[in-house]
Amino acid sequence: AGMLGRAGSVRELIEAGAEVGAKDKAGRTMVHWAGEYGHVEVLKTVEEQCGKEQLKHIMEQPDISGITCAHLASYRGHLEVVRYAVETCGEEVLREKDKDGRTCAHY
252 AGMLGRAGSV RELIEAGAEV GAKDKAGRTM VHWAGEYGHV EVLKTVEEQC GKEQLKHIME
312 QPDISGITCA HLASYRGHLE VVRYAVETCG EEVLREKDKD GRTCAHY
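Numbering of the sequence shown is given in our numbering, commencing with residue 252 and proceeding in unit increments.
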């Protein structure tokens with residue numbers, strides 16, 4: 252649902268008790284996928300349903316390669332998501348490094 256931008260489905264899943272921070276084999280959450288595909292509405296839905304602090308915690312979580320939601324959004328050129336990540340997590344999210352030492356600016 253995060254990858255496809257289905258904010259309504261995300262809302263329903265959260266209301267049904269889905270674990271928002273659940274990770275796939277690559278260590279990515281639905282927040283990672285929403286960031287990679289530019290679905291800021293999914294991120295806003297997570298914030299509405301779970302609160303800003305929980306969204307911040309999930310957005311700051313790296314996958315197994317050390318890549319965050321902001322890295323993925325930067326890589327794909329989704330500036331609205333990058334701005335939302337800064338609004339949610341602070342500017343330090345732009346300085347977070349992946350396992351190769353790359354920040355959002357490198358992407």
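Take the hints with a grain of salt, since some may be wrong.
Unchecked claim - Mimicking DSBU-like on lysine-lysine, the simulated pairs with C-alpha atoms at most 30 angstroms apart in a straight line are:
no., residue 1, residue 2
1, 276, 295
2, 348, 276
3, 307, 348
4, 295, 348
5, 276, 307
6, 276, 350
7, 274, 295
These are computed hints drawn from the structure, not numbers from a lab.
Which of the numbered hints are not met once you compare them with the structure shown?
No numbers; nothing is violated.
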